[in-house]
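Enquirer: Sequence:
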Amino acid sequence: MFYVYALYSSKFNKIYIGQTCDLTNRLIEHNSGKSFYTKRFIPWEIIYTEEFETRGEVMKERNS
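Positions in the sequence shown are counted from 1; adding 73 to them yields this note's numbering.
If you're looking for bench data, these hints aren't it; they were derived computationally from the structure. Idealized CB from N, CA, C, for every residue including glycine. Just to be clear, a hint being listed does not mean it is correct.
[To be verified] Okay, the calculated beta carbon distance ranges per label pair: (1) Thr127 x Lys84: 30 to 40 Å; (2) Glu126 x Thr97: 24 to 34 Å; (3) Lys84 x Gly129: 19 to 29 Å; (4) Ser83 x Glu126: 31 to 41 Å; (5) Gly129 x Phe85: 16 to 26 Å; (6) Glu124 x Glu102: 15 to 25 Å; (7) Asp95 x Pro116: 12 to 22 Å; (8) Phe85 x Glu126: 14 to 24 Å; (9) Glu118 x Met74: 29 to 39 Å; (10) Thr127 x Ile90: 30 to 40 Å; (11) Tyr121 x Lys84: 17 to 27 Å; (12) Asp95 x Glu134: 27 to 37 Å; (13) Lys84 x Lys133: 17 to 27 Å.
[Claimed, not checked] EDC-like cross-link-like pairs, simulated, lysine to aspartate or glutamate; straight-line CA separation at most 20 Å: (14) Lys133 x Glu123; (15) Lys112 x Glu102; (16) Lys107 x Glu118; (17) Lys84 x Asp95; (18) Lys112 x Asp95; (19) Lys107 x Glu126; (20) Lys84 x Glu123; (21) Lys107 x Glu124; (22) Lys87 x Glu130.
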């Protein structure tokens, strides 16, 4: 499965939208400073997820 997700940083009032096949690990990466953009706005929490069968479906959704 693949996911589109939205993160929210209440400390900085920022929203980040991404895609992954492992939501739990990806949130850990964002909150550990391993993502170039999001490390500036830690902490993050997941506010939205949507599940897809393929990465192609994810890309169609993100580009629509």
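Enquirer: For every hint, state whether the structure bears it out.
Expert: Consistency of the hints with the structure:
1. Thr127 x Lys84: 30 to 40 Å: holds (34 Å)
2. Glu126 x Thr97: 24 to 34 Å: violated (19 Å)
3. Lys84 x Gly129: 19 to 29 Å: violated (35 Å)
4. Ser83 x Glu126: 31 to 41 Å: holds (32 Å)
5. Gly129 x Phe85: 16 to 26 Å: The hint (16 to 26 Å, Cβ to Cβ) is violated, given that Gly129 and Phe85 are roughly 32 Å apart.
6. Glu124 x Glu102: 15 to 25 Å: holds (19 Å)
7. Asp95 x Pro116: 12 to 22 Å: Since the Cβ atoms of Asp95 and Pro116 sit about 19 Å apart, the hinted range of 12 to 22 Å holds.
8. Phe85 x Glu126: 14 to 24 Å: violated (33 Å)
9. Glu118 x Met74: 29 to 39 Å: Taking Cβ atoms as reference, Glu118 and Met74 lie about 21 Å apart, which means the hint is violated.
10. Thr127 x Ile90: 30 to 40 Å: violated (18 Å)
11. Tyr121 x Lys84: 17 to 27 Å: Roughly 19 Å apart at Cβ, these two residues keep to the hinted range, so it holds.
12. Asp95 x Glu134: 27 to 37 Å: Once the Cβ atoms are compared, 18 Å apart, the range 27 to 37 Å for Glu134 and Asp95 is violated.
13. Lys84 x Lys133: 17 to 27 Å: violated (33 Å)
14. Lys133 x Glu123: Status holds; Cα separation ~13 Å.
15. Lys112 x Glu102: The hint holds at about 9 Å.
16. Lys107 x Glu118: holds (15 Å)
17. Lys84 x Asp95: violated (25 Å)
18. Lys112 x Asp95: holds (19 Å)
19. Lys107 x Glu126: Since the Cα atoms of Lys107 and Glu126 sit roughly 26 Å apart, the hinted pair is violated (cutoff 20 Å).
20. Lys84 x Glu123: Not OK: Lys84 and Glu123 at ~24 Å, beyond 20 Å, violated.
21. Lys107 x Glu124: violated (23 Å)
22. Lys87 x Glu130: Not satisfied, since the Cα-Cα distance of roughly 26 Å exceeds 20 Å.
The structure fails to meet hints 2, 3, 5, 8, 9, 10, 12, 13, 17, 19, 20, 21 and 22 from the earlier list, while all remaining hints are met.
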